[in-house]
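Protein chains in written order, with this note's numbering: chain R, 1 to 54; chain E, 55 to 274; chain H, 275 to 490.
Treat the hints loosely; a few may be bogus.
Unchecked claim - When the alpha-carbon atoms are kept at most 16 Å apart in a straight line, the in silico EDC-like pairs for lysine to aspartate or glutamate are as follows:
| # | chain 1 | residue 1 | chain 2 | residue 2 |
| --- | --- | --- | --- | --- |
| 1 | H | 478 | R | 51 |
| 2 | R | 43 | H | 474 |
| 3 | E | 211 | E | 269 |
| 4 | E | 211 | H | 341 |
| 5 | E | 211 | H | 402 |
| 6 | H | 483 | R | 51 |
| 7 | H | 478 | R | 19 |
| 8 | H | 406 | E | 181 |
| 9 | H | 483 | H | 404 |
| 10 | H | 483 | R | 19 |
| 11 | E | 213 | H | 402 |
| 12 | H | 478 | H | 300 |
What the hints assert, rightly or not - Pulled from the structure, derived: some chain H residues nowhere near chain R, Cβ distances all over 10 Å:
| # | residue |
| --- | --- |
| 13 | 304 |
| 14 | 325 |
| 15 | 353 |
| 16 | 375 |
| 17 | 385 |
| 18 | 401 |
| 19 | 406 |
| 20 | 451 |
| 21 | 478 |
Worth flagging that the hints you see were computed from the coordinates, not collected in a lab. Just so it is clear, CB atoms sit at the ideal spot from N, CA and C, and this is done for glycine as well.
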Amino acid sequence: MSPMIETLGGTAGQRVVADFVVMGVILLVWAGLFFYLFRLDRKVRALLKKDKTG
Amino acid sequence: MPWVEGVLAVFLKDWRSEFRTRYALNAALLFAVTTLVVVSFAIGAFGISGDLLAAFLWVVILFSSMAGLGQVFIKEVESRTFTALRLVARPSEVWAGKFFFNLVLLLGLEVIIIPLFFILLNPRVSDWGGFLAILILGSIGLAGATTLIAAIIAQAKGKGALLAGLSYPILIPLLAAATSGTRHLFRGDGSAGQETQILAAYAVVVITAAFLLFEFVWSE
Amino acid sequence: MLWQLLLFVWMSLVIVAGFLYAPLAEKLYEMTRIIYFHIPAAWVAVLAFLVSTVFSIRYLATRAWGDDARAAISAELGLLFAVLATASGAIFAKAMWGAYWNWDPRETSIFLLLLIYGAYLTLRSAVEGEDKRARLAAVYNILAFVTVPFLVFVVPRLYFSLHPDPLLNAQARLEMHPRMLQVFLASLAGFTMLYFWIFDLSWKVARLKRKQEEAP
Numbered sequence: 001m002s003p004m005i006e007t008l009g010g011t012a013g014q015r016v017v018a019d020f021v022v023m024g025v026i027l028l029v030w031a032g033l034f035f036y037l038f039r040l041d042r043k044v045r046a047l048l049k050k051d052k053t054g
Numbered sequence: 055m056p057w058v059e060g061v062l063a064v065f066l067k068d069w070r071s072e073f074r075t076r077y078a079l080n081a082a083l084l085f086a087v088t089t090l091v092v093v094s095f096a097i098g099a100f101g102i103s104g105d106l107l108a109a110f111l112w113v114v115i116l117f118s119s120m121a122g123l124g125q126v127f128i129k130e131v132e133s134r135t136f137t138a139l140r141l142v143a144r145p146s147e148v149w150a151g152k153f154f155f156n157l158v159l160l161l162g163l164e165v166i167i168i169p170l171f172f173i174l175l176n177p178r179v180s181d182w183g184g185f186l187a188i189l190i191l192g193s194i195g196l197a198g199a200t201t202l203i204a205a206i207i208a209q210a211k212g213k214g215a216l217l218a219g220l221s222y223p224i225l226i227p228l229l230a231a232a233t234s235g236t237r238h239l240f241r242g243d244g245s246a247g248q249e250t251q252i253l254a255a256y257a258v259v260v261i262t263a264a265f266l267l268f269e270f271v272w273s274e
Numbered sequence: 275m276l277w278q279l280l281l282f283v284w285m286s287l288v289i290v291a292g293f294l295y296a297p298l299a300e301k302l303y304e305m306t307r308i309i310y311f312h313i314p315a316a317w318v319a320v321l322a323f324l325v326s327t328v329f330s331i332r333y334l335a336t337r338a339w340g341d342d343a344r345a346a347i348s349a350e351l352g353l354l355f356a357v358l359a360t361a362s363g364a365i366f367a368k369a370m371w372g373a374y375w376n377w378d379p380r381e382t383s384i385f386l387l388l389l390i391y392g393a394y395l396t397l398r399s400a401v402e403g404e405d406k407r408a409r410l411a412a413v414y415n416i417l418a419f420v421t422v423p424f425l426v427f428v429v430p431r432l433y434f435s436l437h438p439d440p441l442l443n444a445q446a447r448l449e450m451h452p453r454m455l456q457v458f459l460a461s462l463a464g465f466t467m468l469y470f471w472i473f474d475l476s477w478k479v480a481r482l483k484r485k486q487e488e489a490p
């Protein structure tokens, strides 16, 4: 038994739900990070293009 | 001026000025002796194992180096002789001269510290030749790395504090090998051949790198 | 543009696969997923150091501010990943062997990398004058790089003779199930792409800032 499971306990069903929740949170964090970078990328690209033409 | 003479000139210059003030030597010696005495006192009648003694020895050597070996370039900056030295000597001569100076300083320091260490803390050495080899090779690597870093920090703000921070990551392999080898010799369980080789390799690598890189630190 | 969205989908799939597709490992159970984060992060931390050193060497040859800028960028990124790797490694160690920190060779190496990054960035902040800072930082970077082989190959050999390396043994026994390996490799690729993307972005930003400073 993993020490984590011993301390946190819960039924098997609860653990499965918790697993999904953790996965969801991680996906959200990744989405957040990604879209932040994506927006930044677009902004930077626009500024660089302006510099080339302007 | 042929190269060797240039190196000798730098070395002697530093030697003479150090001899007059003994600033670096005093700083390093004071630290080492104080630490040894305090630890010996704190331990009291209880012995400590060969493992700990080996580690302790090298920690003292390392920290004392930080106290004493950094001066070699800082003093040039502080006494404004930095530029003059740059004009007069070639980078390789400067590095070699100061490296040998630091090495002699370090070995001189150890001549005083090691006997004191043995008197106060009483380790047993199973192979004196091996022990001296580790000491000398370790000192060469230590002086080599520290001299280059000293040159770097002399041109930065907050010099003294930086020396330790910049040196430790670089010196960890040396510390690990030296401590491990010394541990074997204090415990008497086998030889320190592997560690000695590592120290030799480290010394060669670091000195070569420092020799090649110094020019970039020294000249603009 | 397209490859970025591809990266998004890729890493999202990796995350889902890590939870739903790959099996759990013995002893670790749910904590298994840390592997897909910790090891790629450590790998990127090392890669970033390599990149930083390459740009440092280039700088000494070209004396172009751009080379120094990229050396610094990679170092900052590397520091970030090194912190993530060290932290996740400690969690992994706790789950695997019960203690957050043991100074075993792998842990020591990643921590040392952290120290090197810290020292490098501290040095940069302590030197005045753009050219001097670039020059001195480049030298330190190269010197540090030269000692890394000792760290990675030599030091573990020393410790191995003293106490068996729990990490190496465990990883050998942690024979990765093929699915685990797939997710792991996919994560490795994703992390690497992410690093290059952030690096590229930071470099563009640095160039923009430079232009602003030079031509008001």
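Against the structure, the hints:
Simply put, residue 478 of chain H and residue 51 of chain R have alpha-carbon atoms about 12 Å apart, close enough for the 16 Å limit, and the pair holds. Distance restraint check for residue 43 of chain R and residue 474 of chain H: the Cα-Cα separation of roughly 14 Å lies within the 16 Å cut-off, and the hinted pair is therefore satisfied. A distance of roughly 20 Å separates the Cα atoms of residue 211 of chain E and residue 269 of chain E; the hinted pair therefore is violated under the 16 Å criterion. For the hint linking residue 211 of chain E to residue 341 of chain H, the alpha-carbon distance of about 24 Å lies beyond 16 Å, and the restraint is violated.
A hinted pair counts as satisfied when its Cα atoms are at most 16 Å apart, and residue 211 of chain E with residue 402 of chain H qualifies at roughly 8 Å. Between residue 483 of chain H and residue 51 of chain R the CA atoms are separated by roughly 12 Å; this keeps the pair inside 16 Å, and the hint holds. The hinted pair formed by residue 478 of chain H and residue 19 of chain R fails the criterion: a straight-line CA distance of about 39 Å is larger than 16 Å. Restraint check for residue 406 of chain H and residue 181 of chain E: not satisfied, since their Cα atoms lie roughly 47 Å apart, outside the 16 Å limit.
Restraint check for residue 483 of chain H and residue 404 of chain H: the C-alpha separation of about 15 Å stays at or below 16 Å, so the hint holds. The suggested pairing of residue 483 of chain H with residue 19 of chain R is violated, with an alpha-carbon distance near 44 Å, which exceeds 16 Å. For a cut-off of 16 Å, the pair hint linking residue 213 of chain E to residue 402 of chain H stands: about 13 Å separates their Cα positions. For the proposed pair residue 478 of chain H and residue 300 of chain H, the alpha carbon gap of about 45 Å is over 16 Å, so the pair is violated.
Listed as outside the interface, residue 304 of chain H is inconsistent with that label: its C-beta sits roughly 6 Å from the nearest C-beta of chain R, within the 10 Å cut-off. With 10 Å as the threshold on Cβ separation, the claim that residue 325 of chain H sits away from chain R holds: the shortest Cβ distance comes to roughly 19 Å. Residue 353 of chain H, annotated as away from the interface, keeps every beta carbon of chain R farther than 10 Å; the closest lies near 17 Å. With 10 Å as the threshold on Cβ separation, the claim that residue 375 of chain H sits away from chain R holds: the shortest Cβ distance comes to roughly 16 Å.
With 10 Å as the threshold on Cβ separation, the claim that residue 385 of chain H sits away from chain R holds: the shortest Cβ distance comes to roughly 24 Å. Every beta carbon of chain R lies more than 10 Å from that of residue 401 of chain H, the smallest distance being close to 28 Å; the non-interface claim holds. Residue placement check: residue 406 of chain H keeps its beta carbon more than 10 Å from all beta carbons of chain R (closest about 29 Å). The Cβ of residue 451 of chain H sits about 17 Å from the closest Cβ of chain R, beyond the 10 Å cut-off, so the non-interface label holds.
Not every CB of chain R lies more than 10 Å from the CB of residue 478 of chain H, the least distance being 5 Å, so the non-interface label is violated.
Checked against the numbered hints above, the structure breaks hints 3, 4, 7, 8, 10, 12, 13, 21 and satisfies the rest.
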